[in-house]
Amino acid sequence: MRYRWKSLFALATVLGLVAVACGGGKAKTTPSASGSLAGTTITFSDSLAESEVAAVQDLLTTFQDQTGVTVKLTAVTAADLPQKLSVEVDSGQHTIQLFAQDNLALATLVDQDLVEDLSDIQIPPEITPALIPQKFDGKQYFLPYRPNVRVTYVNTDRFSAAGVSPPQTVEDYKAVAEKLKAAGGSGKVTLSLADQPDTGPLGVTVSEWVVSYGGDPLILNDSGSVQAFTFLQGMWKEGDFAKESRLAKYDTEVDYLKGETSWMATNWPFTTAELAGADILDKFNVYEGWKGPARAAHVIGGEVLGIPKGVTGKQKDAAIALAQFLTSKDAQTVLVSQNSWPSVRSDALGEVPAEQKSTFDAIQVALADGWYRPNVVYWSDVEAAMDDAVTRIIYSGEDATTVLNEEHNKIAHAAKSKGATYPPTAT
Amino acid sequence: MSIAVTTKGFRRTRRDRLEVPLKLTFPLWVIGSVLLVLFPIYLIFMVSFAPGSALFGERPQLVVTNYTLQPWKDVFQTGGIMSPLVKSLFVASATTVLAIIIAAPAAYVISRLRPAIRYTVVIGLLVTRMFPEFTIGISVATQFAKWGLLDTYIGLILAHLIGSLPFIAWILVGTFETIPIDLEEAAHIDGASRMGTLIRVVFPIAAGGIAVASLFVWLYSWNEFLYARLMTTNQLTLPLKVFQAIDRGSSQEMATVAAILTLPIVLIVYFLQRYLRPGALTGAVKG
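From first to last, the protein sequence lines stand for chains P and E.
Once you know that position 313 of the first sequence is 407 in the working numbering, the rest is easy, because the numbers rise by one and skip nothing.
Once you know that position 270 of the second sequence is 273 in the working numbering, the rest is easy, because the numbers rise by one and skip nothing.
Isolated chain P (complex conformation):
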């Protein structure tokens, strides 16, 4: 008898799970608009920070109301997207009809023939020309979506107490770091040096420093690269950087700023929303950062839109419509005002909330000194070489010239084995 009750209970649990799995979830909203695309359902993949999701979801709801197209939002990371699309393109079964991809990780998608040619899509004249995605073999595979650039966050109370102001040159930078260390008892400046593949913080940080010294990250052993690494090595050796820099990436930098482990850090602008959410944004000064001996350098990140190869019919039309909607003035204005994203358009400005104005201004200045990372198939090898160089030169104190010569050779070998032209043309 007891055994039967247990069996019945187990069966009821399983049936309950089945019911939830098959029919659970939110009630689906019925698109209200009618039109040629009404009733079509597409999935848009965009890897967003949690604080950025709401604004994008609002836009998708607006698009749905206007066109009758149901858009599901999902998130496939930049590193996973090529494999995911490979499965879908090879099988002809698409679960993603439009994706936003990091503007660095585009070469792989083109080389593996995973994306549709969008050369026929008209790009609005209001799109800033410098922000139009590069062409591959004369074909436009990607559409502009959102550029992004890191800015510098400075803890104003700590800076005032230490008697320093935001650095404008690398000499200032070192002097400020030393004074902050003296005031705090340990390094209070973090560098984002956590190693993540493809689009990681370490690659961005090292690229910016190398370019600011006049070097080329794809070469890595030119005089600018050696000088940049030597400078950072010296600062690390003297304890001017917080040890947490080894683990610092986009989200931990926010925590370091919040917890005052770091009093000065460079990070992506979503940090502003995070600090505002913690009600401490007024403690920070946001500015574009300092200038290296050669120039100011800010890696232009951000995302572009693409359509997987093989998406056809109404789903393709809906994907194109959504892409055009996301680059419209109205949509870009929403993204500017709610996410503090810089706009790809020249006419979607001036809607930034007062508390985010300084961030937005800093972004505009930084974009003017923007540097596009080259879309080369061997970029992962470049990042691996950078990671090795950071470990050996900065952490272990090895000679910069010797190490960078070795890493340069590794990059050259990898580039040639992948059939790329090396050395690359000037960036």
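Please keep in mind that the hints were generated in silico from the structure rather than gathered at the bench.
Hints should not be assumed to be uniformly reliable.
Quick partial rundown of chain P residues pointing at chain E, CB under 7 angstroms, derived from the structure [claimed, not checked]: (1) T164; (2) K166; (3) T168; (4) T189; (5) I190; (6) L341; (7) D345.
Positions of the beta carbon are idealized from the N, C-alpha and C atoms, including for glycine.
With the hints as your guide, set chain E onto chain P.
The following block gives chain E in isolation, referenced to the frame of chain P:
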């Protein structure tokens, strides 16, 4: 060990000399090992209840006193955790049930083959597990996609069976091998059919081994990531949710989702622990 007794007393053996140090160090070794194993789990739960200031302040705390439930509230209210949780529970449970239904009779048959053939089949099962799943994952996912199985429960269950069936069959072959054929013959004599003998005599004796094998399959399916990543877009599993939290969430969100991933494992192991003892995989020998 011999103890030579002399006129002056006992001669101490090597074991006697080690006895006191062992008595002193063994508990310390046990405590140290337990702490080493449990510390990462403690960290996960601690971070999930810790405010940011406790983790990333100037002096991160090892024991959080000012805990917060906000990350758990955020994950359950806005993090979309229920759908992945239900999907992972269902897929893992269904994979386990199907794996037992398919593999148990097969393992029984294999265990009754002649030794040369039996060992050849068992080695063949093991060889399939030697290849990293990554090498075949994309091909399998592509074929499943052609069959329209992307973003479906059944697709993921079938993908998980690919990895779990050889493993569970291998375990159960060893379990059934220890069950004497005499018991089956006795059941036949008493009038039981082949299937009746299997269900009423063999399987109950092998229950311990089947339970342990089920646990392994359930854990494998619960934690499986590759096929989930390739074959799901809108219906994530819980491991994918953890990955998503690692990629774009805060440390507390990541720890909270990881803690949710861990809880069912703790519960299931707790309820199945009576089977997790030496000899559980050898069945029971009676008579």
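* Asked: Going back to the hint list, which numbers does this structure go against?
  -> 1, 6
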